[in-house]
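There are 2 protein chains.
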Amino acid sequence: MIVPPPAMRPWSRPRVEIVADFGIFAVEKGLLHDAAGQPMRDVFTFGCRNWCNVVAVTPAQEIVFVWQYRFGPGELSLEVPGGVIDPGEAPEAAARRELLEESGFEAGKIELLSDLQPNPALQGNRIYSYVAWDAVPTGSTAFDELEECETALVPRSSLGALLDSGQVQHALVAVALETFLRRHGAGT
Amino acid sequence: MIVPPPAMRPWSRPRVEIVADFGIFAVEKGLLHDAAGQPMRDVFTFGCRNWCNVVAVTPAQEIVFVWQYRFGPGELSLEVPGGVIDPGEAPEAAARRELLEESGFEAGKIELLSDLQPNPALQGNRIYSYVAWDAVPTGSTAFDELEECETALVPRSSLGALLDSGQVQHALVAVALETFLRRHGAGT
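Going down the list, the protein sequences come from chains V and W.
Okay, so the first sequence: first residue is 0 according to numbering that gives the first Met the number 0, each after it adds one.
Okay, so the second sequence: first residue is 0 according to numbering that gives the first Met the number 0, each after it adds one.
Bear in mind the hints are in silico, worked out from the structure with no lab data behind them.
Think of the CB as a built atom: it goes at the ideal place given N, C-alpha and C, for glycine as much as any other residue.
Among these hints, one or two may not hold up.
To be verified - Label pairs and their computed distance ranges (CB to CB):
{"id": "1", "chain 1": "V", "residue 1": "SER139", "chain 2": "W", "residue 2": "GLU110", "range": "34 to 40 Å"}
{"id": "2", "chain 1": "W", "residue 1": "SER164", "chain 2": "V", "residue 2": "ALA6", "range": "28 to 34 Å"}
{"id": "3", "chain 1": "W", "residue 1": "ASP85", "chain 2": "V", "residue 2": "LEU152", "range": "40 to 46 Å"}
As the list claims (entries may be wrong) - Here chain V is said to cover these stretches of chain W; the calculated rule only asks that three of the stretch's residues, wherever they fall, bring their Cβ under 8 Å from a Cβ of chain V:
{"id": "4", "region": "51-64"}
{"id": "5", "region": "87-99"}
What the hints assert, rightly or not - Example chain W residues on the side facing chain V (calculated, C-beta under 8 Å, incomplete):
{"id": "6", "residue": "PHE70"}
{"id": "7", "residue": "ALA151"}
{"id": "8", "residue": "GLY186"}
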């Protein structure tokens, strides 16, 4: 532990109910209590499954990216493969599956890069990021409904410049790439 | 541009309506159309204001963190100061304000670190991350309703170890810290 625990005590939201279900996410409502257990007011969050993404490195030291249309901003987004972890599915298996489905690349050795909360202010789920080494193309993809991807390979040595260029807009992809660079470097 | 634009063409969601408003976010519904303009099905996203956060460095080369209770996972979270950008407020001004309100530190020189989308799969807003140099304590904080923070200072040289420890769980904070480390280093 680098930082000692704080003196402040956590609040709580003892009972949470789903007030609206939109399929990929559900809105939850719960009465917030302060650290002394006194009720404050209702707070809304949203619930969704855990997510994964994967920084896949080819034997030629290229990183596997996919272009994908994103509903939030309504534009094409340059990302690493990733997606929703199925019920009962191990995060690592989901990362291998999403890599294959979205890009057609098969992972060799795979290892955990980070295990984070996408945004604890609004949601309680987790995102698991992996590195997949020795990723090789199989030639076949399998897109989900409402998904269509186009693969792009980026030299590992260009990752820093790519991040600085602003072409990667998805913050949850950027954090995986930044962590990859700090831990494993840009290659030679 | 590091990666050439894809051959695939974007889909579209020409009309979006708000179907439920929960205060800090609103749920939006719109009929997705494919690249040829053919209607597919309704897609839900959520709308919220833009966000900011700030990596503040003291003259003694410490980074300013705040502990804060987060509703999503229901636990205390170790983060850099940040929050919602007010209507009409410049992102840089919001970063200075949030730093002061949450930690009591006043920024000296401030510069943009990254300008990203928190999660384009679900939401259309942006998050602006800043570095604040020469941040000094003023001794006074001003918490929002439903907010209470406790400041913690972390040596800049420990940031990498802190990230690897898993104590920083908020991915949007982690991406700012990782980008800071890659651009500006851990000091000496």
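Practice problem: Taking the numbered hints from earlier one at a time, note which ones the structure violates and give those numbers from smallest to largest. | Solution: The structure conflicts with hints 1, 2, 4, 5, 8, although it agrees with all the remaining ones.
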